Amino acid sequence: MYYVELLLVGLVWGCTYAMMALGLTLVYGLLRILHVAQATVFTLGAYVGLLVANHTGSLAAAFVAAGLAAGALGPLIYRLVYQPILDKPPFVALVASIGVLIAMEDGFRLVFGPYGLSFAKNTWFTTSLRFGGLSLNLVQIWIAIAAVVLLLLFALFATRTRAGVAWRATVSDPAIAESFGVSVSGVRHLSFFIASVLAGVAGVLVGLLNNLVEPGMGSVISYKGLAIIVLGGLGNVPGTLLASVLLGVVESFGTVYLDKVMDRDAIAFMFLIVVLMIRPQGLLGKAH
Amino acid sequence: MLEGRDLSIAFGGVRAVAGVNLRVERGELAGLIGPNGAGKTTLLRLLTGVLAPDSGSVRFEGRDVTQMPIHRRAQLGFVLTHQIVRPFRDMTVLDNVMVAAATQVTLRPWRALVSVDTRPARLRAQALLARLGIADAADKPARSVPLGYLKRMQVARALALEPRLLMLDEPLAGLNYTEAARFADLIAQLNAEGITIVLVEHNLGEVTRIARRLLVLHNGAVLAEGVPRDVMARHDVRDAYLGADQDAVAHA
Amino acid sequence: MDYYLSVATFAALNVILALGLNLISGFCGQVSLGHAAFYGLGAYGAALCSVAGLPMGLSVAVGMMVAGAFGILTGFAALRVREDFLAIVTMGVGFLFLGAVRKQAWLGAEMGIAKIPSPLDKWGYAMLAIGGAVALLLLSLHVRRSWMGRAFGAVAQDEDAARSIGIDVSGYKIAAFFIGTAAAGLAGGIYAHMTQLIVPDAFNFVQSVTILAMVVVGGIGSTLGVVAGAVLLTLMPEMFRFINDYKLLVYGGLLLAVMRFSPEGLAGLVHRWTGRRLA
Chain A
1 MYYVELLLVG LVWGCTYAMM ALGLTLVYGL LRILHVAQAT VFTLGAYVGL LVANHTGSLA
61 AAFVAAGLAA GALGPLIYRL VYQPILDKPP FVALVASIGV LIAMEDGFRL VFGPYGLSFA
121 KNTWFTTSLR FGGLSLNLVQ IWIAIAAVVL LLLFALFATR TRAGVAWRAT VSDPAIAESF
181 GVSVSGVRHL SFFIASVLAG VAGVLVGLLN NLVEPGMGSV ISYKGLAIIV LGGLGNVPGT
241 LLASVLLGVV ESFGTVYLDK VMDRDAIAFM FLIVVLMIRP QGLLGKAH
Chain B
289 MLEGRDLSIA FGGVRAVAGV NLRVERGELA GLIGPNGAGK TTLLRLLTGV LAPDSGSVRF
349 EGRDVTQMPI HRRAQLGFVL THQIVRPFRD MTVLDNVMVA AATQVTLRPW RALVSVDTRP
409 ARLRAQALLA RLGIADAADK PARSVPLGYL KRMQVARALA LEPRLLMLDE PLAGLNYTEA
469 ARFADLIAQL NAEGITIVLV EHNLGEVTRI ARRLLVLHNG AVLAEGVPRD VMARHDVRDA
529 YLGADQDAVA HA
Chain C
541 MDYYLSVATF AALNVILALG LNLISGFCGQ VSLGHAAFYG LGAYGAALCS VAGLPMGLSV
601 AVGMMVAGAF GILTGFAALR VREDFLAIVT MGVGFLFLGA VRKQAWLGAE MGIAKIPSPL
661 DKWGYAMLAI GGAVALLLLS LHVRRSWMGR AFGAVAQDED AARSIGIDVS GYKIAAFFIG
721 TAAAGLAGGI YAHMTQLIVP DAFNFVQSVT ILAMVVVGGI GSTLGVVAGA VLLTLMPEMF
781 RFINDYKLLV YGGLLLAVMR FSPEGLAGLV HRWTGRRLA
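As you go down the protein sequences, you meet chains A, B and C in turn.
Mapping of the first sequence onto my numbering: residues 1 to 288, in sequence order.
Mapping of the second sequence onto my numbering: residues 289 to 540, in sequence order.
Mapping of the third sequence onto my numbering: residues 541 to 819, in sequence order.
Since the hints were made in silico from the structure, they are not lab data.
A couple of the hints might just be wrong.
Said to hold, decoys possible - With a cut-off of at most 20 Å between alpha-carbon atoms, the simulated SDA-like pairs for lysine to any residue come out as follows: (1) Lys787(C) with Asp741(C); (2) Lys643(C) with Arg264(A); (3) Lys428(B) with Ala415(B); (4) Lys260(A) with Pro803(C); (5) Lys260(A) with Val249(A); (6) Lys88(A) with Leu545(C); (7) Lys428(B) with Asp698(C); (8) Lys88(A) with Arg685(C); (9) Lys260(A) with Gly652(C); (10) Lys88(A) with Asp378(B); (11) Lys643(C) with Phe253(A); (12) Lys787(C) with Phe253(A); (13) Lys662(C) with Asp542(C); (14) Lys260(A) with Leu647(C); (15) Lys121(A) with Val64(A); (16) Lys428(B) with Thr380(B); (17) Lys787(C) with Gly107(A); (18) Lys428(B) with Lys643(C); (19) Lys88(A) with Gly652(C); (20) Lys662(C) with Leu545(C); (21) Lys260(A) with Ala649(C); (22) Lys88(A) with Leu794(C); (23) Lys260(A) with Ser802(C); (24) Lys787(C) with Gly113(A); (25) Lys428(B) with Arg817(C); (26) Lys121(A) with Leu59(A); (27) Lys787(C) with Arg812(C); (28) Lys88(A) with Phe801(C); (29) Lys787(C) with Ala797(C); (30) Lys643(C) with Gly107(A); (31) Lys88(A) with Glu623(C); (32) Lys88(A) with Glu699(C); (33) Lys428(B) with Gln697(C); (34) Lys88(A) with Ser432(B); (35) Lys88(A) with Arg377(B); (36) Lys88(A) with Gly793(C); (37) Lys643(C) with Phe271(A); (38) Lys662(C) with Arg817(C); (39) Lys662(C) with Ala548(C).
Only a predicted model underlies this, so the values are computations on that prediction, with no experimental measurement involved.
Starting from the given sequences, assemble the full structure and let the hints guide the process.
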């Protein structure tokens, strides 16, 4: 039973990572940018969600507000930070992105204080469900549901809507897509919007899961998000989802068996390094 | 001088090169041709070590070099140029050639660290630029000179390595009619001076003019081999090219 | 006086760190987001030796070798993965170092190593650090002029083309990682003896980013620019008290502003204004 519980906890983390990493892989696939600053979007989502929840008492309103605030910030970062430096070497955008991340982390600290805030009423956190010998709280269950629903919505969008088809065409060949009348700039904004909404929602969920929203909550998950998209084979959506789930499970078991040797973050990155040394192109990436 | 034995490689189940045997004799100028998708570039990459073959071996001057890294082959005098010119963009044209002229010095990083004398390499690089007629661009950054110059610079860079075998991957691509003819003359002249040359080329007119032997590749295998006039007269060679062309028409 | 000496010492240590990273990323073109790990390896290596009773000079040398040895390992990783993949792998090296050290009882875990013997006075450390910084400055200027520097340039600009002209790309990458990380180890060894106390968090990702910020603000690839960047970013929080309270805000904003308006850093500005390229 213990192992099943470890597996479930790992899968729940995998779902959180997937919500974060899907957006990172979208941005990478389109622009070859390692969008570390997505952590900022995640943290903003968490703060907005918390403030709205504590004011209105409605989690539904909290999620909508978090999604909208995050959804506005992401495209804004694209416009102000990335768009003017798209023609520069790749490290330029990465360093700029790291700059946004650490500056905003300090910004959150200045506005909301260094110690973090908790939800006034967090019934999901305090309610546990039992299945046989297993116990999961409601946040964990909602994380799994939210991840599956959002990813399915994304899959429907990408395969069944005109905008989705235009988006995929732009990823595979921007020049040709443009010649067919697709607005490349529109597609980029849309990708940042989708990535950011996912990150914002994930931020609220992680805030609920820990019952704590703090300035630095986004950074580590964002670094791991980058590890995941690299692990999945940069820009490869199925690879990213597979890597998310794998990483969640590896961490979950690793923290039990490797606790004496290294911490959770080190386990995640060691897994990344070992996999990349064996398969430099990532789990599902194509060799070139 | 160069011998490929039973070379094969497959990508995702598709055999791009299937059991190719070929020999290049010292001093010859051989042309490697074939319709689009015949496997020319793949074969070249196998011979030069960019790709490792699934099976088969490559021997250079009697030595098995199948597993040898590219830079070691270059040091032995087995040199390739890339299909798309790849200059060091932030260096001047002269510096581009100088780095190649100093391979004896840069062979070991620690020796390179204690070597600051650039005179011998500069003199050789300047001589090569003059020889290829691009001395006037010596101090321009490589990013800013036109393609015709870059193609010559690439050859100068290859010559700076004192090659015994030069593999040129579509050196005439992107040049206009007169430029291509002049460049082909240059290649023939280099060969006359003793450098063995293998030429992968789409420009059939120029290849058949300067090459003394042709190898035709089709569907990853050698279809024909021999003196240009005889090879080009063969029905199966014509069919391979025309068939490919008809396919291309059907696709367009 | 003591205050100025310690600021000067930290500025010199940062110059060593930044010039080491510049050798790897600026000269040889290999992005590294985990440079603080090698600073830490040098510090821990030297601290362990010193606590065990070795003289300081030998301890610092051991720290350098430990950092350099792990640098070579990372160099081998750079042979397998490139560019964006390498950036994330080196970031991972940083987290791996930190996460492993935190759990090792023999390294003091979260509490780090305390009571490291400190044989020199403030002047001694300042002179040592400044001497190290000058040595690295001279080395960097020399490397740029030497054939090693030209080969690094070829590797940085186009690996495949470098191979085809007979350059041993692997050898040069490993050499760059070795020199750059051993330099970080030197800084770590001096730091450990000077402060007499080291904790894992002194070598975290933010520290790696700070070193990167110095390189980038100064102008990646330009030795003199990087020295200026390192000194400037050390002095800024000292000169303006308020910057110290919002250090990350300022560093982050600076990184963003430099990338946005002058990706070639201070060296790029000098080039734009005077038409001269800084060494």
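Hints and how they fare:
no., hint, verdict
1, Lys787(C) with Asp741(C), "16 Å, holds"
2, Lys643(C) with Arg264(A), "11 Å, holds"
3, Lys428(B) with Ala415(B), "17 Å, holds"
4, Lys260(A) with Pro803(C), "43 Å, violated"
5, Lys260(A) with Val249(A), "18 Å, holds"
6, Lys88(A) with Leu545(C), "40 Å, violated"
7, Lys428(B) with Asp698(C), "18 Å, holds"
8, Lys88(A) with Arg685(C), "27 Å, violated"
9, Lys260(A) with Gly652(C), "16 Å, holds"
10, Lys88(A) with Asp378(B), "14 Å, holds"
11, Lys643(C) with Phe253(A), "17 Å, holds"
12, Lys787(C) with Phe253(A), "37 Å, violated"
13, Lys662(C) with Asp542(C), "7 Å, holds"
14, Lys260(A) with Leu647(C), "13 Å, holds"
15, Lys121(A) with Val64(A), "18 Å, holds"
16, Lys428(B) with Thr380(B), "5 Å, holds"
17, Lys787(C) with Gly107(A), "11 Å, holds"
18, Lys428(B) with Lys643(C), "55 Å, violated"
19, Lys88(A) with Gly652(C), "41 Å, violated"
20, Lys662(C) with Leu545(C), "7 Å, holds"
21, Lys260(A) with Ala649(C), "10 Å, holds"
22, Lys88(A) with Leu794(C), "18 Å, holds"
23, Lys260(A) with Ser802(C), "46 Å, violated"
24, Lys787(C) with Gly113(A), "16 Å, holds"
25, Lys428(B) with Arg817(C), "15 Å, holds"
26, Lys121(A) with Leu59(A), "10 Å, holds"
27, Lys787(C) with Arg812(C), "29 Å, violated"
28, Lys88(A) with Phe801(C), "11 Å, holds"
29, Lys787(C) with Ala797(C), "15 Å, holds"
30, Lys643(C) with Gly107(A), "31 Å, violated"
31, Lys88(A) with Glu623(C), "14 Å, holds"
32, Lys88(A) with Glu699(C), "19 Å, holds"
33, Lys428(B) with Gln697(C), "17 Å, holds"
34, Lys88(A) with Ser432(B), "17 Å, holds"
35, Lys88(A) with Arg377(B), "14 Å, holds"
36, Lys88(A) with Gly793(C), "19 Å, holds"
37, Lys643(C) with Phe271(A), "17 Å, holds"
38, Lys662(C) with Arg817(C), "36 Å, violated"
39, Lys662(C) with Ala548(C), "10 Å, holds"
In summary, the structure is inconsistent with hints 4, 6, 8, 12, 18, 19, 23, 27, 30 and 38 from the numbered list given earlier, while agreeing with the others.
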